[in-house]
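Peer 1: As given, the protein sequences belong to chains U and A, one line each in that order.
Residue numbering for the first sequence follows the numbering used here, starting at 1009 and increasing by one per position.
Residue numbering for the second sequence follows the numbering used here, starting at 27 and increasing by one per position.
No wet-lab data here; the hints were simulated from the structure.
There may be inaccurate statements among the hints.
[Unchecked claim] Okay, the calculated bits of chain A under chain U, using three or more residues with CB under 8 Å as the criterion:
#1 95-101
#2 308-320
#3 331-338
#4 350-363
Every residue, glycine too, gets a C-beta built ideally from N, C-alpha and C.
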Amino acid sequence: MDIAHGTLVWLAKSFGLFYLIGLSLIVVIYACWPSNRQKFDRAATAILEEEDRPWQ
Amino acid sequence: MIAELTKNERNGALVILAVLTVVGLVMAVAGYADPFGIHGGLVAIAALAGIFAVISGYFAPEPTLARFGEYYDTPSKIGIGLAMAWAVFGLFVGDWVAWLLAYPNATFDAGWSSFGRLRPVHTTGVIFGFGGNALIATSFHVMQRTCRARLPDQLTPLFVLFGYNLFCILAVTGYLMGLTQSKEYAEPEWYVDLWLVVVWVTYLVLYLRLLARRREPHIYVANWYYLAFIVVVAMLHVVNNLAVPISFYEAKSYSLFSGVQDAMTEWWYGHNAVAFFLTSGFLGMMYYYLPKRAGRPIFSYRMSIVSFWGITFFYMWAGSHHLHYTALPQWVQTLGMTFSLMLLIPSWGSAGNALLTLNGAWGRVRDDATLRFMMVAAVFYGLTTFEGSFMAIRSVNSLSHYTDWTIGHVHAGALGWVAMITFGSIYALVPWLWKREGMYSPRAVEVHFWLALGGTLVYVLAMWNSGIIQGLMWRTYNDSGTLAYSFVDSVVAMRPYYIARAIGGLMFLLGAIVGSWNIWMTVRMPAPVPADAGGDQPAIALQAGE
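The whole structure should be built from the sequences, with the hints applied where relevant.
Peer 2: Right under this line is the structure:
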């Protein structure tokens, strides 16, 4: 298996670039999706509840 | 502890310990001529001690079904105790090696106490002993609360905790006998690494089992950080430690990689150990204990998600910044540098998120040393990640690399961020776990806070000064074009800073001792009797006689 330097650079500059841009976009869209807001707000406040027993 | 195990779990524990005893004895007999044999003896003794412990509680009545109505916190409690014991031990050895640099004769003419052996004892003691136990203890606590589910069984978490500590003990005793793979933060030899694989995979499976049992559908962000810590450390550990032992009854092995590939694999491991062992897991701690202690939800849950994925994807590529100006191809160095700079975004996302959560509650930060530990940790996290990105720039690195600046940077992170967030979380957690109203001595928490902060500042400022002077002395040329200073000149110039650093470390150690004493006294305090006990209980006793 002999990977040339040029091949790796090409891969990094093409696939690698779009892969990371794509991932960033997916994460930002997921985090900012309006209908997720309620879920996130609930998650952030749920840990503050005093209840210290597992739900049965 | 044994009384909490079911009959099957007690039998399971005996089987595991019996197998471990046999493995230890085989190691001891086969490797009698090598330190490998001593480690075999150590494994057998540890397993036998475990067998005695299980037998002593074997005939205790089994736990009732009422246990399913409670979280299982025994492993967290033991883990906190072990973490504090490792903290005192690791910081003590760290301060010893610090004094060694100023007074090199303090080895007392023994091989085991030379700098090269004590230094990994310090790093393993604090990173894996203190940090690892704190992460395991808090992860069990946080995972159960945020999943609203009890750990799936009692035996596995105890196996993970004690198995992990056996790994730490084998690692540390190995260094003192001169065993090392010579890979920074991955020094333990092949058989110790294999044992950690067993323990770590069990930890991952336990985590996934708990996640599968969760009653809360949303997975809280702290759990994502803990999961990244467990998954990535497994991956890093396995790849970096691929090695061929010279025989199955000797400790020595040779790495599968050589030359620059070995260096790249090691620093891919090394930097991601900083990322996923010393950052991701501790961010999990921060995202749970800081809002909980402050009584306020995290400032931006969205930002915490973006930061999580940012850290997970960027950190993976940053390791090559440890190899600037080496045989590593230039473009790989540039790649590492670029990703290190981008890392500033998710890092400051988390640090800013923590500080903005406290915005509006500064009065509480002023009055509550526990919350102040967490606040200072977030500040140091922001400072250190900025410094780290800056030092990864190749031209800055040409000044900073191989100097004490790196040591200063690492300790700003390790003392200022990792240890501070851990102490803050432990001070919040201990009264909750042992059902006390607060710590035994709030004043001692205050003393610990100022010793820790003072110690960190003295340490880091000394090393910044020392490092920059060192770097400048190594690159100063005189009129005839030769170096103005010899290497020994730079060593002499470092001496006052080495003494200052050792004093800073001593302050930090004293703080940890005060903290350990305070935790011990809190655990020993009598539990408060609830004011309404007696009047407001279901009348179970009456029903029993019917």
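Peer 1: In ascending order, which of the hints set out earlier in this document are inconsistent with the structure?
Peer 2: Checked against the structure, no hint fails, so every one of them is satisfied.
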